[in-house]
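J.: Each chain, letter by letter, is given below.
Protein chains: 2
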Amino acid sequence: MTDISNSTKDTKVAYLGPAGTYTQLAALRQFGDECIYVDCSSIDDVFAAVENNSTHYGVVPVENSTEGAINNTQDCLIDSNVTIVAEKVVSIEHNFLVRKNSDAANIDSIASHKQSLAQCRKWLSANYSGVKQVECASNAEAAKLAQSTQGVAAIAGEMAARIYDLEILDSKIQDQKNNSTRFLILASKNTETEPSGNDKTSLLLYTENKPGSLFRLLQPFEELQISLSKIETRPSKKEAWEYVFFIDFEGHVKDDNIAVLFERLYSSAVEIKVLGSYPSRRHSD
Amino acid sequence: MTDISNSTKDTKVAYLGPAGTYTQLAALRQFGDECIYVDCSSIDDVFAAVENNSTHYGVVPVENSTEGAINNTQDCLIDSNVTIVAEKVVSIEHNFLVRKNSDAANIDSIASHKQSLAQCRKWLSANYSGVKQVECASNAEAAKLAQSTQGVAAIAGEMAARIYDLEILDSKIQDQKNNSTRFLILASKNTETEPSGNDKTSLLLYTENKPGSLFRLLQPFEELQISLSKIETRPSKKEAWEYVFFIDFEGHVKDDNIAVLFERLYSSAVEIKVLGSYPSRRHSD
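Order-wise, the sequence lines are chains Y and D. So the first sequence is numbered by UniProt numbering: it starts at 1 and just counts up by one. So the second sequence is numbered by UniProt numbering: it starts at 1 and just counts up by one.
Excised from the complex, chain Y in its bound form (with noise of 0.2 Å):
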C-alpha cells in the first residue's frame, strides 16, 4: 500500500518538463518542495520512468477543461501498466511572453505547446492573426526559445515566464477564463489505495464491435446507482474504426457494491483493465 502524502526527500517524481510546466507546478502542489523530481521530455518517458520503477512516482496531464483529453496519456493508459493514486486539478492561466526590452512590434512568430495555441484561439486571432505559430513539445520549451530566439513570443504559464527570464505582455489570453487542466499522479502496477470517502475508479473497457453494446455495458451502472463522471473513447488501435471506453465512476475498487458492479460488467465487456482509484478533485487546490 502506498500512502502519496508521507512523501519524504527521497521520495522521486517523474513528470512532463522542461522545468516550468504547468505539470511541474501539480507535482509541486502534489509533492511539496522537498522531494527528488526528474523532468522528461515525454509523456511516454513518464510512464516509462514509473513503469520501471526508476521513480516512485509520475505526473502527467490528462484532461484540460477547454481542450478535452490528453491523447498521447490516454494511449499511454491503454498500453503501459501503472496505477493512477491520485488526481490534481490546476488553474491554467496563459501569458504572452517577450524577452525582456524588447519591441512588441518585432514579433513575428508565437511558440506554444498545440493545446495552447488552440486554448488562446480567439485571443491570436483577434492580436496576431497571420502571425506565424511554432509548436513546441512544451510551453517551457516555447518560453526557452522566446528567450533564445529575436522575435518570438511564448504563450507559458508565469512560472514560465520567471525561470526563463522573459516579460509578460499580457495576461489571462485564455478564451475560456475558467480554464483547467486535471493531471494524473501515477505509481507502479497493483500500488493499493484506501478508500477516502470520495473516490473516483477509472477503467478501460473494450466491448464487442455490436448494436447497442455500449448501452449494455453502462446498465450496470444505472442498476446500481453507480454514478459516472465521465466517458471517453479512443481508436483500440486493433482495427480500425474500433474503440475502448475509457470511464470515470464515483466508488472505489474496495466499496462493496463496486464488486456486483464487476461481475455485472464482465458479462458485457470483452475486456476490463481497472486504471485506478484515488481521491476525486473537481476544482484546482
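Hints are supplied without guarantee of correctness; some may be wrong.
Any copy, or any two copies together, can satisfy a pair, since identical chains are not distinguished.
Result set (DSBU-like, lysine-lysine): computed pairs, CA atoms no more than 35 Å apart in a straight line [stated by the list, open to error]:
1. 238 with 122
2. 210 with 237
3. 210 with 132
4. 237 with 172
5. 273 with 172
6. 172 with 9
It is worth saying that the hints were derived from the structure and are not from the lab.
Based on the hints, put chain D in the right spot on chain Y.
T.: For chain D alone, coordinates are given in the frame of chain Y:
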C-alpha cells in the same frame, strides 16, 4: 434540397489545403475534376466559407482510424451552422518523395507532418536511421519543401508527388497498413438530403450534468433498436468539466422511427443539434 452528385463546373468546394493534402484527395473523389476548388489554410476557414455561402461545399477531416477524432473539426461543428451532407473515407498511404533525378544517397533531411513521421517510424528507422526529420504543417507543405530544397525528401501522398513534380522512391511506407481518414462534406445550414437506404445521422447532445444522464440519453436508442455507430465527448466550453456528446446512429432524420426517437430524446437532453443525415461509408472508395 441538394443533390450532391449533381455538381457542375460552377460548383465551388472549399477544402483544407494547400493543394496536395489528403483532404483535397477526398474532395476530388467526391466531386471530380470539374469543380472550382478553393484551398483554405485552416479547418475554421473551410467552415466559414460554407457558412457565409462563399462556396457551395466544404471538405474537412473528422477522424483518423489510428489517431482518433480531429478536435478542431468537432469544435467547429459545435460553433458553426452547417450541415453534413456526405462522408468520405480515404486510405492514407504514405510515399517517400524526392526531387526528380536527385541522388537518393544525398538526402540529409526528411520532411513531413508530425503524425506522418510517427506513422512511418519503423520504416524510417530501418531505412534512414539518424537522418534529420523536419516537421511541417502538412504533408503538402513538406512536398513543396522537398521540391524547393536540395537534399530534402518528403513523406506525402501520391497527389502531392504529382503536384510538386516529385519522384516516388518508395510507396506504402506507413507502419500500419490499415490506416484511413474519414472526411465530412459540409453544405449550408438546413440543406436537406434524401434517404439512400444506408444512412447515418450525426447529432450533438447536451445533457444535464447529473448521475445517469448519459444512460437515459442512450435508452431511447436501445428501446427503438437504433444502432449507435459512434459516441464521442468534448468539453461543452460553457462550464468547466461539462461535456457535449457527439452521437452517430444508423438511420435518416426522414425515417419514421427517428421521429419517435427525437420525441424521446427531447425528454432527456437539454439541447439537440442535428448535424446531418448522409449515406454511411466505412471503407474507402
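J.: Run every hint past the structure and note whether it holds.
T.: Hint-by-hint comparison with the structure:
1. 238 with 122: between (37 Å within a copy, 15 Å between copies)
2. 210 with 237: both (17 Å within a copy, 32 Å between copies)
3. 210 with 132: Answer is neither; intra-copy 45 Å and inter-copy 42 Å both fail.
4. 237 with 172: between (38 Å within a copy, 16 Å between copies)
5. 273 with 172: Cα proximity of residue 273 and residue 172: across copies only (31 Å, versus 39 Å in one copy).
6. 172 with 9: within (33 Å within a copy, 48 Å between copies)
Comparing the model with each earlier hint shows a violation of hint 3 alone; every other hint is respected.
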